[in-house]
Every structure is written in structure tokens, then in C-alpha cells.
Amino acid sequence: MRLLRRVLVSIAAVSAVGAMTAAVGAGAAGAAPARHAAGNGGVVTFAEQPGAPPTYIFPLYNGANSENADITYLQPLMWLPLYWFGHPTSSAATINYKLSMADPPVFTNNGETITMKLKHFAWSTGAAVTARDVVFWMNLVMNEKTNYAGYVPGGWMTHVASYKATGTATFVLNMNKSYNQTYLLYNGLATLTPMPQQTWDKTSSTSANGTYDTTAAGAKAVYSYLNSASLSLSTWDTNPLWQVVDGPWRLKPTTGFQVTGQVTMIPNKKYSGPNKPKISEFQELPFTSASAEYDALRSGTVDYGYVPTTDIGALGSLKASGYNVNPWYEWGLTFVGILFNNPKYQALVSQLYIRQAMQSLINQPEYIKTILDNYGTPTYGPVPTFPKTSFLAPAAKKNPYPYSVSSAKKLLSAHGWTIHSGGTDVCSKPGTGAGKCGKGIAAGTKLALSFMYPSGFPNIDNEIQVMRSTYAKVGIHLTLSEAPENTVLADGYACIGKTAATCPTSTPVLSIISSPVYTYVPIYYPDGTSLFGCGGATNGGNYCNHQVNKYLTQIESQGNAASTNTLHTYQVYLAKQLPDLWFPNAAYQISAISTKLKGVTAQDSTGHIYPSTWTLKP
Amino acid sequence: MLDVGDNILSPGAVVLGGEPEQPAAGEARSAWRTAAGELLGNYLGVAGLGIIVLMALFSFVGPLVYHTQQVNTNLTQVNLAPGGKFPLGTDQVGYDVLGRLMVAGQSSLEVGLAAAVIAVGIGTVWGAVSAFVGGWVDSVMMRVVDALIAIPTVLLVLLLATIVTPSVLTMIYVLGFVSWIITARLVRGEVLVLRTLDYVSASRLAGERPVRIVLRHVVRNVIGIVAVQATFEVANAILLLATLSFLGLGPPPPAVNWGGMLTTGLNYIFDGYWWQIYPAGLCIVLTVVAFNLLGDATRDALDVRLRQR
Amino acid sequence: MTRYLARRIAQAIVVVILVSMIVFGILHFLPGSPARAMLGVRATPGAIKAFNKANGYTRALPMQYLLYLDHLVHGNLGFSYIRDQSVRSLLALDVPKTALLVGTSYALALIIAIPVGLAQALRRNKPLDHAFTVFSLVGYSMPMFWLGMLLIVVFSVQFHLFPAEAPQGASVSNAFSDPQAMVLPVATLTIVTVAQFSRFMRTSAIDNLLQDYIRTARAKGVSQRQLVLRHLLRNSLLPIVTLVGLSLPFVLSGAIVVEALFNYPGMGWLFWQAAGAHDFPVLMGFTIVVAVATVVGNLLADIAYALMDPRIRYSAS
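Protein chains in written order, with this note's numbering: chain R, 1 to 618; chain D, 1 to 309; chain A, 1 to 317.
Hints were generated in silico from the structure; no laboratory data involved. Bear in mind that the values here come from a model prediction, so they are computed numbers and not experimental data. All C-beta atoms in this analysis are idealised placements derived from N, C-alpha and C, irrespective of residue type, glycine included. It cannot be assumed that every hint is accurate.
Unchecked claim - Partner residues aside, some chain A positions facing chain D, computed with beta carbon under 10 Å:
hint	residue
1	5
2	9
3	11
4	21
5	144
6	283
Claimed, not checked - Result set (BS3-like, lysine-lysine): computed pairs, CA atoms no more than 25 Å apart in a straight line:
hint	chain 1	residue 1	chain 2	residue 2
7	R	220	A	53
8	R	252	R	269
9	A	126	R	145
10	R	388	R	409
11	R	596	R	617
12	R	436	R	446
13	R	598	R	576
14	R	576	R	398
15	A	220	R	498
16	R	436	R	410
17	R	220	R	344
18	A	53	R	498
19	R	98	R	388
20	R	319	R	409
21	D	85	R	473
22	R	369	R	319
23	R	576	R	409
24	R	596	R	576
25	R	117	R	270
26	R	145	A	53
27	A	49	R	220
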């Protein structure tokens, strides 16, 4: 043992020497480990999700850059949206007028004219935030729709007739269609973000500020310039563009960002809204993996971090060293996607009874209890069951298909399947009448489906193993394949918008990605139009049900009370129709928050964080 | 994990420019018998063979003797410590670990053997054709080999894994595809020597077609080298399969291999479930050591055979 | 010698081009593009179309390849979809970190393996030889991630001697401010490499011991010390030169596992992430860099070998 120790010490010494010699010439400044600065409110450190550093600072973000690291941890701290969703003191993903930059929108002209009056907010340059800044946003986004992640084809942006600033503080939007007010607020107005027109309206770093955004070509040029400035990660903290903010924070000049993802923000002294920052510096730290983050957490360099799901078993020591542990759920859904146009499986999954059998074999409460260690919430329909909101119908709080192996078996045998427990069921009564397998299912068809899921998520792996085994009990054979998450995404969505004839049969008919599969952020209204509507932009399974579409159209255009009623009817209906298989929603992260960090009273399901409400007690 | 690189490094496998020893034309039975005798005389080789046989029995016959539920998960008995009903405890979804090791051993051994067969198969044909045809064909074929050597195996496997869906079968193909290079170089070197020998030239003069010559004489002469190489490739494939599982690219359930079990166990290393880690790790090390021992011993035996001629 | 060199360099260039073709072929084997993987669940058909057009996926495959080559010779390795940075700047950041890890392990492995192998050859079939044979056998029969994990359990969790995490900073200089954190990753890679090298050195030395010149030297009354240092070591080292070049891809394979295990943000880790995320430009760029490194390494090894051993004939085929 002593020899071994000596060898190791000498290895350590030699490697240090070797490292020194190799370092000559490679002397870039590294990230200094975060330490609590004395006095002046202190420095709070916050852990970014593993392997997901921020890569985009421009608030008009595209789909490739819509990670929380960009759109909830970074941009909204510096550029506030016109209407703020979420709360520092509760998890509900609802409108928050107190933190919003404008008064509630006023609907006139049969709801087609919307008037928004800005409160008094100022840019860090001292200039007021005006309606012209909202027009600037609209000009860019309307001309660069496909580059904006919040754009939904056929959605509200398609129905914008005109918009203008009728005063310095009044922005008026005219629609050519009357929308439900809540719906338009949650899905459309929610995305408006004033941007500093006086300093950002330019087409290159050398061009003078102008009004380029007023023409289509000019708006595209301005977008292109701002986009490329945003893609130049190494210049974020030196580019004067990004220092013009209206939110409570700004990047610390020259050292505020490292390309690995370390963000350092300091208070914006000119911030004119509620909740002025009390701490002197807010740092967001990047991590290569959850275990790397956990080590940092245990060594005390992170004030607000998270526990990897595999380490939930041993939380005692963490709590003893001064951390509170709380799950953070997102405003979203978790489900196993069903592909309805894979020609090989189309006939099978089109049968509601088969989907019902599959759903009743997923034991959500048991998965949550045993596999997720109680850090999960059930998903029963299109509206999240947590956080509880008025969107959730009372009837949708219950599982429409409780776990039951026997009822799954009964469903299948009642429809002409010969059950082979542990094997694969075979259709023995083809045809379309009662007691028959159904349209397009020939005699001898086997009940076997392909299922793809992401690697690297131990909890999903365990859930899928249990699911496969339970399905096998009733003779539904699942052929599993495991791949990196992005591969699952690419394969699972390979047939979106395609006809069955052009959809490869090798495309997995069932697929899941890590939870939540879909978040209602920044399109906050939880009806899932683009997810469940026929031909919806993100309807990866090509589910199409005309009754669903009828409800969705009604929800969009009815008055507030009627619309809420329809939403309730719709969600109960859709929950039973199974456009996918509802699956437990695991916590977005199991947060570990230092007991020294005061003011974190809730974790916002929109993913927003509120460091300006936090204080650090020594 | 060490991969094909392993073999580049194994002594005798490296083509250093030194000439391989020249075998005699006649293929005497007694020479093989000498080799077999030598092999049996090498106690390490016998130990290796013994471990392999034991592992095969454990994996394939074990489940017939020790019955466990390896199809249905059971959430009421997860992460139980060894003892009583479960000599090696249970895992995260309630499988009996001892029984799981047996099932996992089947895939590990099958994938290892099958990948090795594919690897030496491709390698032998590639090397023999390259050497025998010669000229620019040889040049092109050897540059392809150089190119594949220049890509680290794990890199190559990661790339392949982005386009194939992992399953036991695709794993065999992928591992076979990345492991044939050494065999190709070895066989080529051997054939280059044999080609110049009298009996091949003689049969050529006698009007035999080149393909037949390759089949009849050359391949028969390189069989020893190929056998040794195949043994090492089994060891490599088992390690590489484990590495793939660690990187999240192993075959999915219900397939299970030792590397996958080890990787899953390691996820929970700080929770104290040691029985989910050490037995699986031990199985891998024992089996790989055994194949390496057998390979070493076979090569030594073959050297003796060649020397005695 | 000049002709030999010219020939070897030409071969090296061909090999690098072949590597780029093989990797490009693999990545573009499947129809479609990484658009969905990049743009996520919410991506609209319009956004996917725009992505494909912007990144050239709408062109014919050979055209895409030629375009890539054209960029490559102009030093443009492409732009990482995921990291929003040029592959070149990612390389500039990550290659030194991996070079440090691999370089240190290599150097240590040689320093340890050469004397060990030599000692084994001189004490053939003695307890020392057997002990190291067993060590090297187990060393290369062990999955590297497990070896690393065992080191973590023993030295980090049990005895708190070294951290379980490699230095996390963006720049290679972090490794120096935190040398403790480099110990376990370097040790893992070194142990496995020593297992390989020492075994090779042993065989090489044994082969040399049987050669005539050793017998002649012994007969001439050369001292054991002289014999070992002057003759045996020098001649046994010849094949090691080749080995160092040839084993680079193998050590880099190991670096991927070590970086993944110890969360060391080097190029191996980046490659692993990029493979999972279909970040094609990163995958292409890194493979080519590695291939160039290997080919150049081999070339240098060959030249060194030729210089050291005048017997070699330049009849490479």
C-alpha cells in the first residue's frame, strides 16, 4: 500500500511537471472558481443543466437555440417580455401583470383590435421603453417567421392585419380574425418582447442607427446582423449592443461570458421595474454532466443546483450540509408518441381499443413511486396535472385508464385477438364488425410494435424495461431500440407531414424523449393545437381527429367563459382518445438550494428564475 | 475496453518490416499435433481454456439449473441486498442478479464470438486478395486499411452508431466491421511471403487459376495466424461491447450484456449497491483474461510448431 | 531517402483524404439531415427547409463533399450547430486539453513501461516477471471505464485523496491550477497504456536477448550494465518507436472514455456529445484532426525508425 501510494504521488508530481511544460504558449484566461464575494450582497451561483450552456443571447431566438439556458435563464433577465408569465412565489404558469411591462390588453372592435399601454420602463441608456420598441420586435419577427421558435404556421401571426405605435406608450395590434382573449394573450401577446430600437436598428456594427426595420429587406438585414452578433459568443460581454437592457440584469462587461457557458451578471442600476436586485453578482455555471454538477454542489461552490436522479438514494449528507431539496416541474407534458402513418403499424395503432389496452398497462403511480422516487407527476391529458390551474378540468384530474392487466387482456380478446402471454398476440378474427380486430388487420397479424427511447437516462431506461415486461404479459410485443436523444427526436419525427406511402416502415411507431416531452413555453395556452391538431407543426405522429380540430377551433375563437368550458370538454375527450400514451412527468430537475439563499419560495413552471428577489445570508 | 488497437500492440502482431518465419511447403499432421501438445503443456493456456468453458457453462447451462425470472420485471423487489432468495441480490427493476449474469453472459459471448468470426473473415479475404493481386489494387486496399487504422475505434463506432439502431445483430456487424484491420495486415504479410515460395509459383505454372491457388495453399497456411488473431478479437469485442454500453450505445433490453449491467450498476455506485457492480465486472475481466491467455498460448504453440519444422 | 519520404508523404495525404471520405460517407449515409435533431420538437417544416438549404443538405452528395473539401483546404472546418461556434475555435479550445491528458499519460507510460519490460525480460519466468505479467494481463482485460470508476471509489470516495472530477475550466491552464484533479484521469489512461507497452517491451527485449550480437558481446566480456544499456535497450527500443506512432488512435479511444468518465471537457468528450447530437461538422472536423495526428505520428515514427536502423531498406510497398 505504501509503495502504491508513493507511485501515485510520483505520478501526480510528474503529471504536474508535464502539464506545466505543455502549458507554455497556451495561456488563455480560465474560469476562476466561483467564490462568495464579501459584502455588497454577495455572489449567487446557479447551475446550468448539464451539457446545455447558453449559446444565444438575442431574444428573437430560433428553434435550434431554445434551451432553457437561453430563453429562461439568460434572455428574460436582461430583456423583459411585454407580458410576463409565471411567478416568483408560485409554480403556476399564468399571466403576471405585476411583473409585466404593459397594462392588461384592451380588446375592442369585436376583439380584433388590441390596445396595449406600456408602463414606465427605461433602457439602461436612460431612454424610455416605447411602443416603437414593440413595433421593432414585430417588424423583425414578421419578416423572419421561420427563424423564430415561437412561430406556429397558421397561428395568430398569420392573422395579423396591421400594427402600429399610436403614441410613445401605446401599441395597437389589428387582427383579421377574432380570437379568444385569453388564448391570444397566452399564445400571441406573450411572445412580444420590446427591443431597443434606438441602438439595435442597424445592419452592421459600423452602420448608423436608422429605421431599417420598416422595410421587409431592411428588417431581414437587421435580423441577420443581430443574429450573427449573437452567434459570436466570444464577443457577448464586449459588444455594446448587449449592454442595452431593460431587465434587472446585464452581463458584466468584458468578463460576463465565457464560451463554455459561464455567465456573470451584475445588476442593471437603471432598472426601473419591480424587484430590484439585492445581490451584487449572479453567476450561472456550466457543467459537462450531472455528476460534475453534483460534485460542485457538495463542495459548496453552487448555491442553486440539482441532484442527479441516480443519487436520490443518498440525500441525507446533502441536507446536513445545508441544502433544501425540492423538485422543479415544468409546464409541459410527457407522453409516448404514437406514429399514425407508418404503413406497417398504421392499422394497429389506429384502433382505439389497442391504444386503450396499451395505456392501461402503464402504471403511472407505481412508476412515480418506485422509479422516480416520488419526484414525478402523472399525465392524464393535454393539460398538465401540475401545477394546478383553472385550465385543468376537474374531471381530468383522474386517470381515465387506471392500471389493469386484466382489462387490457379483456379488451384485446374481445376484439378477436388470441392472447399469448409472454409471446405475441395474433389476430384470429379479422374484419370490421363488433368483436373483430378492425379495419386493415389481417388474420394472423401479430401485435408487435417498435419503440425507441433515449440512452443516458437511467429512469427512462427502468420505466421502459418495466413497460416492456408488462406489455409482454398481455402479449403485446415491444421491440426496443435505444439511441442518443437527438437521434430519437430525428427518427420519431421522420414522418411528420408525410403520407403513409412515403413513411419508411423502419420509423419507430412508439417513441419517447426525456421529460417533459413538450413544454407550453413560450406558447403558454395548454390546448396543444400544434401538437394534436391535424397537420400541426409539431404533431410528430400525424394524429388527426376532426372532433379534436372542431374543439380546438372553438377554444381559439369563443368568448372567455365558453372557451374555458370547451377546453374542459376537449381535454377530457382527448385524454380518452389517446393521441399518444400518457406517461409520468419526471421533475425537470431536483433542485438543491442552499439554506443561505433566501427568497426562493417557489420554482416557476415556465422555467423563469428570479435572482432579483434573492438574498444571501452569511 | 481496448479495441483493435490492442492488437496492434500485441507482440508479433505488429508488422515491423521483419520477415515472418517461413513455413515449409508440406503441412504435416505431426506439426499440428506438436502444437496441440505444446498448448496443453502451457498451463496458462489450459487455465484460459478452462475459464472459457466454465463461463460458457455458467451462461448457457446455468439458467437450466438455476431458474430465475428474467422476463418480467418486479417493482416490489428492487435493489435488494444479497441473501436468502437472491444469492447476489436484485437490480433496479427487480431482476435476480445471479440469473441476470447468466443471461448477460450469453450475449457477451455470442457477440464476442460472432464479431471475431466476421472480423477475421473480412480481414483474411482482404489481406489475401490484396497481397495476391498486388500492384495498384494492393496499394488502394492497404491505404483503406491505413485510413481505418487512423480513426480511433471508439470514434469509428460512435460514428457508425449514429446511423445504425443498436441491437445484438447490428452490434455484431459494427464490432466485426471495425476489427478486421489487423487480420488483414497479418494475412497480407504472410501471403506476400508465401506467394514467392516455390510451390505457389509451381501451381501457377501448372495453369491453376489464382483463386484456386489462394484457396488451396495460401489460406491453409495462414490459418494458424488467423486462429490466434480470432482469439484476441473475441476478447476485444467483449471489451468493446462493454465500452459501447458505457457510452450509451449498447443493445437495448431485453438484450443484456455484462458491460450493460456494469454500466447500469455504476450509475448507482454512491447508493452502495455493490452487488450490481462487482460481479459483472469480474465476469468481464475473467473472460477477457481467459481469451488473451488462450491466444498467447496458441501463438506460442504455433511458434514452436514453426520452429520445429 | 528523399524518394522514400516523398512516397510516404503522398501516402499519408491519400490516407487523410480516404478518412474524410469514409467519415463523410458514414455521416451522410442516411437520407435527410440533422435538421430535426438540431431544431427540436417545435421545428416547423419551413425552419427545417431553411436549415437544409443554409447548410447545403439540398445538394447532391458528391457536391457536398467537394464543398467540404474546399472549405477544409481553406482552413474552414465548419460551424457547430449545437455550440454555435466554429469548429476551429472549439478545436483550439479542446485539443490542448486532450493533448495534455494524452501526452502526460504517454510520457508516464513510456517512463514506466520501458524499465519494467526490460526487467521482466532479464528476469524471465521469475516472480517479478510473473507479477508484472499478471498486472499487464488484468490491465488490458479490464474495461477502462471500470478501472477509472474503481480508482474513483478508492481514491476519491474512500480516502478523499484526489477529486473524482477532472478540471472543469474552459482553458487548458485550469489543469495546472488544479493538478490534483488531473491525477485520476491520467492514472487511468496510464495504467492501461503501461499494461500494453510493458508487454511489448518485454517481448522485444526477449527477442533481442536471443540474437547473436548479444552472445557475441557477452563473449567479448562486455559488462552486464553495458550490455543492457548499450545494446539491449537500444535495440529493443526500435520497435517501441513504431509502437508509439501506431498506438495513438488506441490511446485516443481511451481518452474518449476517460473524458466521459471524469467529465474532462476535452475533444473526446466533445466528440461523444456531438455524436449523440448529430453535430456533423464537429464529428467531421475532429475525426480529420485525429487522422492527421495519427498519420503524421506514424510518418515521424517511420522516419525515426529509418534513421535509427540503417538496415531498413526503403522498399515500402
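Status of the hints after comparison with the structure:
1. 5: 16 Å, violated
2. 9: Because about 13 Å separates residue 9 (chain A) from the closest Cβ in chain D, which is outside the 10 Å limit, the hint is violated.
3. 11: 7 Å, holds
4. 21: With a minimum Cβ separation of about 8 Å from chain D (threshold 10 Å), the hint on residue 21 (chain A) holds.
5. 144: 4 Å, holds
6. 283: Since the shortest Cβ distance to chain D is 6 Å, the answer is holds.
7. R:220 with A:53: Given pair residue 220 (chain R), residue 53 (chain A) holds - Cα atoms ~17 Å apart, limit 25 Å.
8. R:252 with R:269: Holds, at roughly 12 Å.
9. A:126 with R:145: 76 Å, violated
10. R:388 with R:409: Cα-Cα ~34 Å, so violated.
11. R:596 with R:617: Holds - the C-alpha atoms of residue 617 (chain R) and residue 596 (chain R) are around 5 Å apart, at most 25 Å.
12. R:436 with R:446: Within the cut-off at roughly 14 Å; holds.
13. R:598 with R:576: 43 Å, violated
14. R:576 with R:398: With Cα atoms ~11 Å apart, residue 576 (chain R) and residue 398 (chain R) stay inside 25 Å; holds.
15. A:220 with R:498: With Cα atoms ~85 Å apart, residue 220 (chain A) and residue 498 (chain R) exceed 25 Å; violated.
16. R:436 with R:410: 13 Å, holds
17. R:220 with R:344: Measuring from Cα to Cα gives roughly 44 Å; hence the hint is violated.
18. A:53 with R:498: 20 Å, holds
19. R:98 with R:388: 21 Å, holds
20. R:319 with R:409: Roughly 46 Å between the alpha carbons, so the hint for residue 319 (chain R) and residue 409 (chain R) is violated.
21. D:85 with R:473: 23 Å, holds
22. R:369 with R:319: 21 Å, holds
23. R:576 with R:409: 18 Å, holds
24. R:596 with R:576: 46 Å, violated
25. R:117 with R:270: 21 Å, holds
26. R:145 with A:53: Since the Cα atoms of residue 145 (chain R) and residue 53 (chain A) sit roughly 16 Å apart, the hinted pair holds (cutoff 25 Å).
27. A:49 with R:220: The hint holds at about 18 Å.
In this structure, the hints that do not hold are numbers 1, 2, 9, 10, 13, 15, 17, 20, 24, in rising order.
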